[in-house]
Each structure stands twice: as C-alpha cells, then as structure tokens.
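J.: Spelled out, the chains give:
Number of protein chains: 2
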Amino acid sequence: MGAVLSLHKITSPPQCDPLEALSALVADDLAAVNRLILERMDSDVPLISDLAQHVISAGGKRLRPLLALAVARLCDYEGTRHQKLATSVEFIHTATLLHDDVVDASLLRRGSSSANALFGNQASVLVGDFLFSRAFHLMVEDGSLEVLRILSNASAVISQGEVLQLVTQRDTATSEQAYLDIISAKTAELFASACRVGAVVANKTAAEDDALRTFGLNLGIAFQIVDDVLDYSAVQEKLGKTIGDDFREGKITLPVILAINRGDESERHFWQRVIGGGDKQDGDFVRAQEIMRRRGALRDAMERARHYGAIARDSLGIFDSNPYKAALLDIVDFTIERKF
Amino acid sequence: MGAVLSLHKITSPPQCDPLEALSALVADDLAAVNRLILERMDSDVPLISDLAQHVISAGGKRLRPLLALAVARLCDYEGTRHQKLATSVEFIHTATLLHDDVVDASLLRRGSSSANALFGNQASVLVGDFLFSRAFHLMVEDGSLEVLRILSNASAVISQGEVLQLVTQRDTATSEQAYLDIISAKTAELFASACRVGAVVANKTAAEDDALRTFGLNLGIAFQIVDDVLDYSAVQEKLGKTIGDDFREGKITLPVILAINRGDESERHFWQRVIGGGDKQDGDFVRAQEIMRRRGALRDAMERARHYGAIARDSLGIFDSNPYKAALLDIVDFTIERKF
Chain A
1 MGAVLSLHKI TSPPQCDPLE ALSALVADDL AAVNRLILER MDSDVPLISD
51 LAQHVISAGG KRLRPLLALA VARLCDYEGT RHQKLATSVE FIHTATLLHD
101 DVVDASLLRR GSSSANALFG NQASVLVGDF LFSRAFHLMV EDGSLEVLRI
151 LSNASAVISQ GEVLQLVTQR DTATSEQAYL DIISAKTAEL FASACRVGAV
201 VANKTAAEDD ALRTFGLNLG IAFQIVDDVL DYSAVQEKLG KTIGDDFREG
251 KITLPVILAI NRGDESERHF WQRVIGGGDK QDGDFVRAQE IMRRRGALRD
301 AMERARHYGA IARDSLGIFD SNPYKAALLD IVDFTIERKF
Chain B
1 MGAVLSLHKI TSPPQCDPLE ALSALVADDL AAVNRLILER MDSDVPLISD
51 LAQHVISAGG KRLRPLLALA VARLCDYEGT RHQKLATSVE FIHTATLLHD
101 DVVDASLLRR GSSSANALFG NQASVLVGDF LFSRAFHLMV EDGSLEVLRI
151 LSNASAVISQ GEVLQLVTQR DTATSEQAYL DIISAKTAEL FASACRVGAV
201 VANKTAAEDD ALRTFGLNLG IAFQIVDDVL DYSAVQEKLG KTIGDDFREG
251 KITLPVILAI NRGDESERHF WQRVIGGGDK QDGDFVRAQE IMRRRGALRD
301 AMERARHYGA IARDSLGIFD SNPYKAALLD IVDFTIERKF
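From first to last, the protein sequence lines are chains A and B.
Under this note's numbering, the residue at position 261 of the first sequence is numbered 261, and the numbers go up by one with no gaps.
Under this note's numbering, the residue at position 159 of the second sequence is numbered 159, and the numbers go up by one with no gaps.
Isolated chain A, as found in the complex:
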C-alpha cells in the first residue's frame, strides 16, 4: 500500500499549468486528501486494495477534490473537515469511473489499462461499490447531514445520468437538449456538489452556495463538452486515453449531434451506419473527424463550452479577490483550453 501519489508535483506558484497552480495553493490539503485516499481505500481483502490502488494512484486530475478544497479556502474556512469530504468526492468519482469502464468495456483509462481490463468486470463493479460505501463512511464521520444530503443526491443524479446515457447510446436521434441533460447529471452535478461541500464547511450563506452551485455546474458542463470534443480532436499521446473511444462505443456526444443535425443525406447515412448500426470500417474515424471539421461541429461545440465557462466565471464575481478565486478562474480557462 505504499504507493506514492506523485501526479501533482507540489511546487510554489506562479505556475504555467493552472491545475498545478491550484494544487500548489492547497498543497497541504491535497497531501492530506492523498493520505486519506490511501488509508481509506485499504482493505483486508487484497483484491480490493490492489484494484483501488490501481485506479486511484493512476492519478487523474483530482479536479473534483481540488474544487472542494479550493472553495472551502475561498470561503475563508480554516479547519480540516473539507479534506475528508474532498476525499469522499474523489471516491464517488472513482466509483463511477470503475462502473463506467465496465459499462463501456473500456480497455484504457488515463493512459493505463483500465481496472476491468486488468482485474475483470466483476471485481470492478464490486470495488466501485466499496469506494461508494467508503465515501459515505467518510461523510458520516464528518457528521454533516447537509453534506450527506448534497452528495447522496448527487450520487443518485449521476446514476440517472449514466442510465440516460446508456439508453441514448447509438441513438442518432438524441437531441442536444437530451445531451445537455445527460452531461449535467453524469458530470456537472458532482462538480457542483464538490463546490457546495466547500461552502457548507465554511457555513456560507444560501447566496454563496447558489453562486458556487452555478460555478460547479457550468464548469462541469464545459468540462464534459471539451472532453467529448477531445475524443475527436486530441493528440493520442497527450490525451492519456484512446482517442476515438466515444466513436467506437457509439456514444452520442455534442460533436456527433451537431454533425448529424448539419449533415446532408449521405452524411446521415454514414452516422447511422457507424454510430447507429455500429458497423465500422477502416477509415471511418478519420471520415468522422473530417465531416465534423467541415460542418464546424468541433468548433461550435467548443463555442458552446465557452458559454458555460463564461457563466462559471461570472458566478464567482460575488467573492472577494484572493488567490483561490484567481486559481479557480484559471481552472475555467484551463478546462476549456486543455489538450488532454
């Protein structure tokens, strides 16, 4: 269990990478979260520890716990309660990743073999449940019913979003509104909840809670849209997962929806075959990328993402200027401009 979580090098600001800058700003808190992650994912059953360690120490951006940590400090909180709760948020996120990879039958996650590829589907499902339970255990230790309400509700909403996504898989008739509803649920709700948890520990007013919900929700929507764009536009090596995964899985994302809505009959026939019918041939992914570029689907999906980013930015306006606010604003830009 002695794995060192070294993804985020903790050095002093200013940084070029906004994610590293934010990590540096809450370095002590983040170190505590990483300790808690190692401690709380431990189990007497070696398979659980091994699998949990595989998926959690693979790193990821730790974006959600970072939000909880930074928001608490933005709200002048000086205690340590947010550390356990940020850990809880990361466990919920990791649990949904594990279950997602099983549902999607993904082979890669963050550039490494996915847990289900290494340990099998059954173990991944069960360890996801284990992490879920540990997440709630951490919340119960904290003792705030408000936090329990926020995160249990978020968990239910996430599941609903995942189910909705499953139902629309390969359905080329999925509307942009349905897509927005899905990503709001499966992704943005946890971003919003992570931020709100930071506000709860700092005893903030309803106004600040609402501003932070707006921030998290819209940041989360922007994040997911950009994720979905990157699956068609990223450079494989930088992305750290297989480019074209969504395409292969027939996942209906915004670039696909825009391309379908704007396509002519032959293009719609193409989308129906490759996404709807799942009948893919060599060169189909390149053709999909080419159509998307021609129809402005990737460009306009990014334009949509910027809209949500703008709402997120504006929502922090009510908070006094401080390094945490500046770092969170940079995270909005990073979320949209990132290449991975």
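Hints are not guaranteed to be accurate.
Any copy will do: because identical chains look the same in the list, a pair fits if it lies in one copy or spans two.
[As the list claims (entries may be wrong)] Listed below are the simulated EDC-like cross-link pairs for lysine to aspartate or glutamate, each with C-alpha atoms no more than 20 Å apart in a straight line:
#1 Lys-325 to Asp-264
#2 Lys-325 to Glu-265
#3 Lys-280 to Asp-246
#4 Lys-280 to Asp-245
#5 Lys-280 to Glu-267
#6 Lys-61 to Asp-333
#7 Lys-251 to Asp-279
Bear in mind the hints are in silico, worked out from the structure with no lab data behind them.
Mind docking chain B on chain A? Use the hints.
T.: Relative to chain A, chain B alone:
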C-alpha cells in the same frame, strides 16, 4: 364581441418581418385560431368577456400559437386539430400574463393599460382562471391525453417558475443558474410545449418530439433573456410596454445579475439600494443602464441569448427543408435581433 384581431396583417410572403412572414405562411390556421379565441373567450358574464377581450385583442405577437401551428405544418400535418390546441396554448399564456400583471402590479401591457389597471386585480385573477379552464376545455375537446399531459405539466411548471421568480424578487444574491431555472420554467416550457403539441398532432416520433422540445425550450430561453435586456435597452415607443418596468419592480434579470457579479463595491451598494432595498431616486434607472453598459452586462446577456438561439437553430437540422422550417429559423433570429 365583434372585435377584429387585426394585429397581424395577413399578406403574402416574402416579408421583411419574420413574424409577419410566419403568420402569412399559416394565415388560414391563424385566422381560425383568432376566431376560436373570440368564440371561446366569450361568456355570459360581461365582465369576463370585456376583460378577456381587452387583454387578448391587445394582440401581442401570438408567438406561442404560431409555433404550434407552424410546427404541425413542418411535420406535414394536414388536419385542423392544431388550431384548437394553438388556441389553448395562447389561453394559457394569456392567463399567466393576467396573473403576472397582478403580481407585478403592472400598469401597462403591450402599450395599453393592463387589465388589472382597468378592471382591478380581483377580476384579472378570476378571468385568468377562466382562460385556464377554457384552455383545458379545448384540449379535452381535442381528446388527446398526450397533449393534456404536456400542457398540464407545462402549466404547473410555469406556476413554479413564477413562484420562484417571486421568491427571488429583490434578492440581489440570485445566481445566473437560478435565473436560468426560473426563465426555463416560466417562459421556455410553454414555448417547448407549443412545439411539442404540433408534433403530437402530426404523430411524430420521439426523436422529432425531442428535437422540437430542444427548439422550443432554447428559443424560449433566448426570448426571455432578450426581453430582459430590452427592459434596459429598448426605445420606449417600440417596446410597447414601460421601459424600466423590471428595474422598478426589483426584478432580478440577467443584465442585473451580470452587473452585480462584475460590479465594484460602490456599484453593489447601488444595486442593493435600488433593487434589494427598493429605494429609488431620480436618475437611478439611467445610472443602472450606464453601469450595465460599462460592465458589458447587456452585451454579454445578448451573447448568452445567441448561444440558446444557436442550439434552437441546430435542433431543426433533422427536418427536411421547407418554408415552415425556414420561417421557424428566421423566428430564432428575429427573437434575438428584435427591438420590441
């Protein structure tokens, strides 16, 4: 009861004004709707007829029934069921206007004295209920449980939106997300439902229903944002209602939220006094407009509206090109670029 509803001159396309063009395209249907409106708002109680006639023959854009009519034709519907249902949609809209004016204590509506100013609050409340009932009566005559489900749900959502708006009145801490939730409910839901009703009579698939929901919902959000911008930016004579109404009522709209979020301390003090405290002095409205311009609040609210307009436009992509589709796309642009 012989009032002639002459707001929309019915002439042949092409037109400069997209609203007139759309009206001309469904001229026969619209004439039938106007006949139904006159017929169904009639009552043995003269006060009801007089008041209903006052508010309905004042005109308005008839945008919602036009959507229901045009969508049915877009979907190749050739019958007349949509005429009664479009009338029902307009009655629901008119009922909410009547109740709104009572709640807001408005003196002007569409450039004329509001019904409550002329007939009193009690009559306005009751005639609103009368029109609501007539709306449902029309739906029951049509006999579609699906339409009843859509429009009864919309009515409940609208009421919730109005209550939410009431609760946030004068609350300068209202977030942009809360604002979006409110206008989605109080305005956009009926736009979406009007479109969906057109799809129901044409027996369209779930895919087309969903595309039309996306169209109506996002058009409605754009419409309300622009409405809220016009209250600070329009030329009084063109607007047909009192400019600055929202400001006087302390209504929290997007331009206000953006101005507050971006304001410095003295500006926030200003907003707290005039909106939060309702303590207005001469020149405050002009100062509000000036701050909004300086902070880019009106410009960026319009930018937000364009985002929703873009989603609405894209959502019609799955329909074959025909004059109805072209006219509906023009309505999106009109909604955003209008000056009244």
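J.: Decide, hint by hint, whether the structure agrees.
T.: Right, here's what the structure says about each hint:
no.	hint	result
1	Lys-325 to Asp-264	between (45 Å within a copy, 16 Å between copies)
2	Lys-325 to Glu-265	between (48 Å within a copy, 17 Å between copies)
3	Lys-280 to Asp-246	within (13 Å within a copy, 55 Å between copies)
4	Lys-280 to Asp-245	within (13 Å within a copy, 58 Å between copies)
5	Lys-280 to Glu-267	within (14 Å within a copy, 58 Å between copies)
6	Lys-61 to Asp-333	within (15 Å within a copy, 40 Å between copies)
7	Lys-251 to Asp-279	within (14 Å within a copy, 54 Å between copies)
In this structure, none of the earlier numbered hints is contradicted; all agree with it.
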